[in-house]
Amino acid sequence: MAGWNSIIFEDPTSGHPMLPQVVQVMRCIYTAVNPERPPPFTVDIWWHSLSLSYQVQESGREPSIVILNLREGEPHQPAMDTHFMINLTTMRVHDKFQDHRFPVPQEILPVLGELKEYVRSIVRGRWEAKQAQNRETARRLEKEREEQRNRVQAFCRGLVENGFIDEEDASHFSGDSLHCPVCSAKQTSCNMCKVISCSNGDCEVSSAIPIVQCSNHHNTKFCTSCLELPGSLPRLGKCPMCARWFCSSELQWCIGRPVSNDGTGLSPPNIDVTRLHSARPLSCRTIACVDNIRESGKNGRHCCNARCWSRVGTATCPDCVTQDSFACPCGRYWTCGGCESQAFSASRFITCPGCHRRFCSSSCSYIGTCELCNHVEPCYDCIRDGKSIEEEHTMFMCQGCKGLLCETCSDLDEKTCCRCDQSICKLCAHEEDDSDYPDIVCDQCRASSDDEDMAYGDEDMAYGNYF
Numbered sequence: 001m002a003g004w005n006s007i008i009f010e011d012p013t014s015g016h017p018m019l020p021q022v023v024q025v026m027r028c029i030y031t032a033v034n035p036e037r038p039p040p041f042t043v044d045i046w047w048h049s050l051s052l053s054y055q056v057q058e059s060g061r062e063p064s065i066v067i068l069n070l071r072e073g074e075p076h077q078p079a080m081d082t083h084f085m086i087n088l089t090t091m092r093v094h095d096k097f098q099d100h101r102f103p104v105p106q107e108i109l110p111v112l113g114e115l116k117e118y119v120r121s122i123v124r125g126r127w128e129a130k131q132a133q134n135r136e137t138a139r140r141l142e143k144e145r146e147e148q149r150n151r152v153q154a155f156c157r158g159l160v161e162n163g164f165i166d167e168e169d170a171s172h173f174s175g176d177s178l179h180c181p182v183c184s185a186k187q188t189s190c191n192m193c194k195v196i197s198c199s200n201g202d203c204e205v206s207s208a209i210p211i212v213q214c215s216n217h218h219n220t221k222f223c224t225s226c227l228e229l230p231g232s233l234p235r236l237g238k239c240p241m242c243a244r245w246f247c248s249s250e251l252q253w254c255i256g257r258p259v260s261n262d263g264t265g266l267s268p269p270n271i272d273v274t275r276l277h278s279a280r281p282l283s284c285r286t287i288a289c290v291d292n293i294r295e296s297g298k299n300g301r302h303c304c305n306a307r308c309w310s311r312v313g314t315a316t317c318p319d320c321v322t323q324d325s326f327a328c329p330c331g332r333y334w335t336c337g338g339c340e341s342q343a344f345s346a347s348r349f350i351t352c353p354g355c356h357r358r359f360c361s362s363s364c365s366y367i368g369t370c371e372l373c374n375h376v377e378p379c380y381d382c383i384r385d386g387k388s389i390e391e392e393h394t395m396f397m398c399q400g401c402k403g404l405l406c407e408t409c410s411d412l413d414e415k416t417c418c419r420c421d422q423s424i425c426k427l428c429a430h431e432e433d434d435s436d437y438p439d440i441v442c443d444q445c446r447a448s449s450d451d452e453d454m455a456y457g458d459e460d461m462a463y464g465n466y467f
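342 is the number that full-length UniProt numbering gives to position 342 of the sequence shown; each next residue is one higher, with no gaps.
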């Protein structure tokens with residue numbers, strides 16, 4: 001049996017178009033059963049909730065049965081029982097409390113007819129909408145089949161023109177066929193242009209009309225003409241290590257260094273810019289291929305210059321690295337050279353006053369710079385080799401914040417944390433009171449003290465100690 005559908009009336013402010021009719025029926029039934037008792041005034045969620053329940057014929061076009069249920073709330077508990085069931089098909093009332101059946105009063109027959117027609121209009125509307133949807137689906141499928149037949153015929157004509165089959169073979173080839181007329185393997189097609197080829201890699205047709213698919217996503221297939229995606233990386237690429245095809249996001253790429261850096265900046269790989277080479281996949285992301293390309297020395301590196309052309313791709317291949325590339329001895333900073341804003345990057349380098357080599361300024365462990373006066377100390381190699389530098393300053397590391405300060409800026413003898421007894425710099429020293437000889441506290445101890453004060457404050461609030 002088909003399931004029941006319901007339209008519930010329990011909100012007198014709902015504005016439902018059938019609300020006046022169901023209230024009229026409810027008042028009439030209650031008056032007919034007990035004329036001495038005032039009937040319910042309207043519907044509500046607690047005491048008088050009505051619903052139109054109906055089932056639909058197997059055809060889906062007409063309702064098979066329509067019932068108007070008059071429900072009453074139970075005293076002292078949030079529950080409702082159905083008191084009256086009005087069958088709009090037989091026009092009879094079932095008093096479930098008394099188990100008594102009787103015909104509906106004549107005066108509400110027209111109103112019940114309106115309610116039945118309302119339900120019928122809903123069922124008919126849904127049926128017509130479904131029929132329209134089915135017709136649209138059938139029309140779309142037929143259009144797709146016709147387009148597929150046209151593509152198959154074009155595929156067949158191309159095979160005749162290229163000498164793969166003759167006219168007689170083509171005349172017996174059905175436009176609805178899903179197989180290759182040369183080797184009988186299944187056809188395959190490009191996701192973009194829908195051009196058809198053979199799925200058999202050994203068939204000569206697949207070589208004449210090449211279509212490649214992702215090794216991980218077999219439904220992602222493109223002909224070689226549709227691989228290029230304007231303004232972005234190609235849709236698929238072939239890993240040079242394992243020779244398998246992957247989606248662009250599954251590969252490491254080098255988009256090719258611009259030959260001229262005039263205004264190229266972070267240019268997408270396929271815009272009209274002259275490059276050393278087109279977008280080139282370097283490796284897929286499998287562990288074996290990553291290890292193989294690293295051993296071969298052809299793996300890509302990530303330039304630390306935020307404005308480097310390679311940031312639009314994923315890496316810089318060895319062919320695109322120029323002679324002015326830079327690698328800091330600390331191993332954390334590398335630039336490929338020849339990229340826009342190289343001059344800007346150079347301004348962030350530190351030059352050793354001893355050996356005049358450059359180092360990166362991003363917390364380089366090979367050289368230190370005073371955080372107050374920017375004085376540069378000799379690099380680690382110069383200090384280790386004992387080179388004498390004119391106006392050499394000793395650098396100190398603050399035990400509190402770990403920052404570097406030169407001897408002039410440090411004042412280490414005057415700054416000692418009164419709590420942890422560490423020597424601290426001017427940058428992290430805090431005076432705790434307004435006396436002539438205030439206590440000095442480091443950042444770490446001060447933060448610990450603030451946390452304790454906050455915890456005590458929370459505890460006082462929890463116990464209601466407001467005074």
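Derived by calculation from the structure, the hints in this document are not laboratory data. None of these values were measured; they are calculated from a predicted model. Hints may be right or wrong, so weigh each one.
Now the in silico label distances, taken between C-beta atoms and shown as ranges [what the hints assert, rightly or not]:
1. E62 x K96: 49 to 55 Å
2. L109 x N134: 34 to 40 Å
3. G163 x S184: 25 to 31 Å
4. I8 x P105: 30 to 36 Å
5. E62 x R37: 54 to 60 Å
6. A132 x P38: 31 to 37 Å
7. D176 x E136: 20 to 26 Å
8. P39 x T137: 46 to 52 Å
9. A129 x P39: 47 to 53 Å
All residues carry an ideal CB built from backbone N, CA and C; glycine is no exception.
Structure-based check of all given hints:
1. E62 x K96: 49 to 55 Å: violated (27 Å)
2. L109 x N134: 34 to 40 Å: holds (37 Å)
3. G163 x S184: 25 to 31 Å: This hint is violated: roughly 18 Å between Cβ atoms.
4. I8 x P105: 30 to 36 Å: 24 Å Cβ-Cβ, so the 30 to 36 Å window is violated.
5. E62 x R37: 54 to 60 Å: violated (38 Å)
6. A132 x P38: 31 to 37 Å: violated (48 Å)
7. D176 x E136: 20 to 26 Å: holds (22 Å)
8. P39 x T137: 46 to 52 Å: Holds, since P39 and T137 (Cβ atoms, about 50 Å apart) stay within the stated range.
9. A129 x P39: 47 to 53 Å: With Cβ atoms ~38 Å apart, the hint is violated.
Violated hints for the displayed structure, listed by number in ascending order: 1, 3, 4, 5, 6, 9.
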